[in-house]
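Going line by line, the protein sequences match chains S and E. The working numbering puts the first sequence at residues 1 to 728. The working numbering puts the second sequence at residues 1 to 149.
No lab work stands behind these hints, which were simulated from the structure alone. Model, not experiment: these values are computed from the prediction. Treat each hint with caution, since some may be false.
[What the hints assert, rightly or not] Here's a subset of chain E near chain S, in silico, CB distances under 10 Å, partners left out:
(1) F11
(2) C43
(3) V139
[Stated by the list, open to error] Simulated coverage check for chain E against chain S, where a stretch passes if three residues somewhere in it have a Cβ under 8 Å from a Cβ of chain S:
(4) 21-35
(5) 115-128
[Unchecked claim] With a Cα cut of at most 25 Å, we get these calculated SDA-like pairs of lysine to any residue:
(6) K257/S with E114/E
(7) K302/S with I334/S
(8) K222/S with A149/E
Ideal placement from N, C-alpha and C gives every residue a C-beta, glycine not left out.
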Amino acid sequence: MNKHVSPRMNRRAFVIGTAAVGAGLAIGLDIPFGGPAVVRAADGSPEIGAWVVVRPDDTVVIRIARSEMGQGSLTGLAQLVAEELECDWSKVSTEYPTPGQSVARKRVWGDFSTGGSRGIRSSHDYVRKGGATARVMLIQAAAEAWKVPASECTAANSVITHTPSSKTTTYGKVAEDAAKLTPPADVKLKDAKDWKLIGKGVKRLDTADKTTGAMTYGIDVKLPGMLNAAIKDCPVFGGKVKSFDEAKIAGMKGVKKVVKVGDTAVAVVADTWWHAKTALEALPIVWDEGDNAKVSSESIAKWLTEGLANEQPAYVGNKNGDAKAAIAGAARKIEAVYSYPYQNHATMEPMNATAVYTADKCEVWCGTQNGEAAFAATLEASGLPAEKCDVHKVMPGGGFGRRGQTDYVRQAVLIAKQMPGTPIKLLWSREEDMAHGRYHPITQCKMTGAFDADNNLVALHYRLSGQSILFSLRPEALQNGMDPAAFQGVAQSGEAAFGYSVPNLLIEHAMRNPHVPPGFWRGVNVNHNAIYMECFMDELAQAAGQDPLEFRRKLMGNHPKHLAVLNAVAEKIGWSTPAPQGVYRGIAQVMGYGSYVAGAAEISVTDGNKIKVHRIVASTDPGYVVNPAQVERQIAGSFVYGLSALFYGGCTVKDGRIEQTNFDTYNSMRINEMPKVESVMVPSGGFWGGVGEPTIGVAAPAVLNAYFAATGKRIRSVPLRDQNITFA
Amino acid sequence: MANLTINEKNFTLEVEPDTPLLWAIRENAGLTGTKYGCGIAQCGACTVHIDGVATRSCGVSVSEAVGKKITTIEGLASASSLHKVQEAWIAQDVPQCGYCQSGMIMAVAALLTEKPKPTDADIDEAITNICRCGTFQQVREAIHTIASA
Numbered sequence: 001m002n003k004h005v006s007p008r009m010n011r012r013a014f015v016i017g018t019a020a021v022g023a024g025l026a027i028g029l030d031i032p033f034g035g036p037a038v039v040r041a042a043d044g045s046p047e048i049g050a051w052v053v054v055r056p057d058d059t060v061v062i063r064i065a066r067s068e069m070g071q072g073s074l075t076g077l078a079q080l081v082a083e084e085l086e087c088d089w090s091k092v093s094t095e096y097p098t099p100g101q102s103v104a105r106k107r108v109w110g111d112f113s114t115g116g117s118r119g120i121r122s123s124h125d126y127v128r129k130g131g132a133t134a135r136v137m138l139i140q141a142a143a144e145a146w147k148v149p150a151s152e153c154t155a156a157n158s159v160i161t162h163t164p165s166s167k168t169t170t171y172g173k174v175a176e177d178a179a180k181l182t183p184p185a186d187v188k189l190k191d192a193k194d195w196k197l198i199g200k201g202v203k204r205l206d207t208a209d210k211t212t213g214a215m216t217y218g219i220d221v222k223l224p225g226m227l228n229a230a231i232k233d234c235p236v237f238g239g240k241v242k243s244f245d246e247a248k249i250a251g252m253k254g255v256k257k258v259v260k261v262g263d264t265a266v267a268v269v270a271d272t273w274w275h276a277k278t279a280l281e282a283l284p285i286v287w288d289e290g291d292n293a294k295v296s297s298e299s300i301a302k303w304l305t306e307g308l309a310n311e312q313p314a315y316v317g318n319k320n321g322d323a324k325a326a327i328a329g330a331a332r333k334i335e336a337v338y339s340y341p342y343q344n345h346a347t348m349e350p351m352n353a354t355a356v357y358t359a360d361k362c363e364v365w366c367g368t369q370n371g372e373a374a375f376a377a378t379l380e381a382s383g384l385p386a387e388k389c390d391v392h393k394v395m396p397g398g399g400f401g402r403r404g405q406t407d408y409v410r411q412a413v414l415i416a417k418q419m420p421g422t423p424i425k426l427l428w429s430r431e432e433d434m435a436h437g438r439y440h441p442i443t444q445c446k447m448t449g450a451f452d453a454d455n456n457l458v459a460l461h462y463r464l465s466g467q468s469i470l471f472s473l474r475p476e477a478l479q480n481g482m483d484p485a486a487f488q489g490v491a492q493s494g495e496a497a498f499g500y501s502v503p504n505l506l507i508e509h510a511m512r513n514p515h516v517p518p519g520f521w522r523g524v525n526v527n528h529n530a531i532y533m534e535c536f537m538d539e540l541a542q543a544a545g546q547d548p549l550e551f552r553r554k555l556m557g558n559h560p561k562h563l564a565v566l567n568a569v570a571e572k573i574g575w576s577t578p579a580p581q582g583v584y585r586g587i588a589q590v591m592g593y594g595s596y597v598a599g600a601a602e603i604s605v606t607d608g609n610k611i612k613v614h615r616i617v618a619s620t621d622p623g624y625v626v627n628p629a630q631v632e633r634q635i636a637g638s639f640v641y642g643l644s645a646l647f648y649g650g651c652t653v654k655d656g657r658i659e660q661t662n663f664d665t666y667n668s669m670r671i672n673e674m675p676k677v678e679s680v681m682v683p684s685g686g687f688w689g690g691v692g693e694p695t696i697g698v699a700a701p702a703v704l705n706a707y708f709a710a711t712g713k714r715i716r717s718v719p720l721r722d723q724n725i726t727f728a
Numbered sequence: 001m002a003n004l005t006i007n008e009k010n011f012t013l014e015v016e017p018d019t020p021l022l023w024a025i026r027e028n029a030g031l032t033g034t035k036y037g038c039g040i041a042q043c044g045a046c047t048v049h050i051d052g053v054a055t056r057s058c059g060v061s062v063s064e065a066v067g068k069k070i071t072t073i074e075g076l077a078s079a080s081s082l083h084k085v086q087e088a089w090i091a092q093d094v095p096q097c098g099y100c101q102s103g104m105i106m107a108v109a110a111l112l113t114e115k116p117k118p119t120d121a122d123i124d125e126a127i128t129n130i131c132r133c134g135t136f137q138q139v140r141e142a143i144h145t146i147a148s149a
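The following block holds chain S by itself, in its conformation from the complex:
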């Protein structure tokens, strides 16, 4: 069987429970890297710069700092390094450095954070330089051994050739000497036209173990003597533990300890998680729920609605002309109010982390989108300094933004701290995961469009009211109190710029921050902004008596890249020709995360409320496509995530807590509901955009606009299940 299974991820990084783990992948950490002394990987092979380890057998280990969580960045990043390294791709495996090692080496691997679709787009330059640096050093080592100028040597497929003499050697043979060289101060990267590996849909490096059950996710971590913990945090956000009656579960099977976790949670530690969870459910806990227990979806909606009124203060995010005056003086105006609810990430694997604490060391194993943030949480919760802590990243069963937060890491350390020396695996139940998400923020939006007598759009006022993620999670990123990220997709300029030109425009945000903790949920603020703007664009087109595509095109003359992706989906879906009998089309476009995306859907509707999605076409311009096969999967996956949220999602609040408890009340699309997504990639080059998130923005509005085309009914709130609309 082994010959069929060739795990391309370096197993050493994932084998848990042996002394090797935690020992560090590189020794000699006090040696400045690149100096005459060689830095070695755990198996003794030399590093050729921090990103590359070359073994004597010519196999290459590429270090990856960002996290793989299904999105394929691990493979894409390895492609970037290998492109410049000129190594044999079939002999590449990958390895995660730990955050502790990175800190000890002055953050030689840069940022670990894997969110905002930035895995590739914000590290492509330095990881390619890491590959190029190693190539130059390997060639130099061969040239010195041959006593020839390095300029006469080339490298390809891990083989170095001295062109005049046709002498050859391999990377593995010169690695030891290369590791002793001083790295070049600067290296020239290849021109895009010379790429051989970037742009190829090579197979992922992490697939085999995911088909046999061998992949270690956080939930699978095993350490000697490990106990398991189940946890219940106060269901009302902001509430606290008042008391719990430990005696009631004394003697229950397997229970070892009941612990308070911070001020807000209680955990039961037992031999197995099933015993821990069973005992926790039997444990009487009294909560001090606080004033937030009075909050409901209705009270939040009322507060947000107040924020839509012009008299209330708001931050201006995008403006030209005088929209209010133009609307007041217009021949005709159209107005609509939309809303978008809280959403839970609902990663397939519930939150979990395993921690071991002693007075001298604290180590954590977990799936995380940000190893460094998990490391910081470990330091803070343990109270130990950086040199006594580390975090070992394992495969997360989904992230979607949720695992960029570290609440579960902190909890695991706080529990482990109360049982020094005993490894503790903390696993949340699905119910805990639903109750303690970091939810897609809640917003409402009032839009007013105004036309002149010739049906030209002369003004647009877009007034958001609702929650700011940055206010809660990154207050230092606010600008004079304003959340610039609130305008993702409708911003004046930058990586999420508005794609239309309107002579009088006002886009503003009245901030309202309910007590429900918000988070970065795949697509983040692009989700609701794209729904609001793209559905309202359809309303405006209808009011003007124009085709939705043509109406948009007229406003997009100054936004050629936005327009190009829109045109690409229009052409692919056949917008200019009639849809099949009984089938209706909707279209949408947006920019996010540095990429331009558009989507179109063909649907039919029976009984006015049963939707069958027949076809989806999606177009993306991310500048460069590193791995088209993975980009295609991210596009299709964005539709599954976005349409699940549209049809089945929505988290509601009652008595200060989230009402949805599991997949029976927070459902997700199945295979029968999802058509094939036809992707059209139109990379225009010259920039690097993200691909994990932007497409989700067009998923819902494409379907909602098609629903209007089919029924004449506008849907202005999510989820559809609240309006008794479902999949056919």
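Mind docking chain E on chain S? Use the hints.
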């Protein structure tokens, strides 16, 4: 204490009879390829075969599984080769995060035993597992590839 037959091996497990089979498999037998996703038989991440039938193991108690033939993802391959579903999954790069795929593969393997050449409608009816990454397109294509082999 319970005697279970998992992947053609006998396990004597220190476990209460009302424990969900999922947790006996994961925590007592130590086979962690079978995943926990919901605990209420909604998501399918814990799908195993019980006497050849795809079953959500979180909804079956240990006592109900005694005397039956249980197959988990770890027991799907033969000694010499992977199961055709696993091979197709690798060839077509089906998984993204992969967490749901053990259950997905077990569900597909059972479907193909019952219907070696399933139609799209057969797939729609039989494969009801949740995949939050959204691999459905690759799942469907891989099933058809196996069926047409």
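- Item | Verdict on chain S covering the segment 115-128 of chain E, criterion of 3 CB contacts below 8 Å | holds (count 5)
Open item on the list: If you count the residues of the segment 21-35 of chain E with a beta-carbon closer than 8 Å to a beta-carbon of chain S, do you get 3 or more?
Closed with: holds (count 9)
Margin query: Hinted pair, alpha-carbon criterion (25 Å max): K222/S, A149/E. Please report holds or violated.
Written below: violated (39 Å)
- Satisfaction of hint between I334/S and K302/S, Cα-Cα up to 25 Å: Distance ~23 Å between K302/S and I334/S Cα, so the pair holds.
Holds or violated: K257/S with E114/E, Cα cutoff 25 Å? With a Cα-Cα distance of about 48 Å, the restraint between K257/S and E114/E is violated, given a limit of 25 Å.
Min Cβ distance, F11/E to chain S: is it shorter than 10 Å? violated (15 Å)
Status of the V139/E interface restraint (C-beta, 10 Å, chain S): holds (6 Å)
Legend entry - Given hint C43/E near chain S, where the shortest CB pair must fall under 10 Å: With a minimum Cβ separation of about 5 Å from chain S (threshold 10 Å), the hint on C43/E holds.
Hint compliance for this structure: hints 1, 6 and 8 are not met, and every other hint is.
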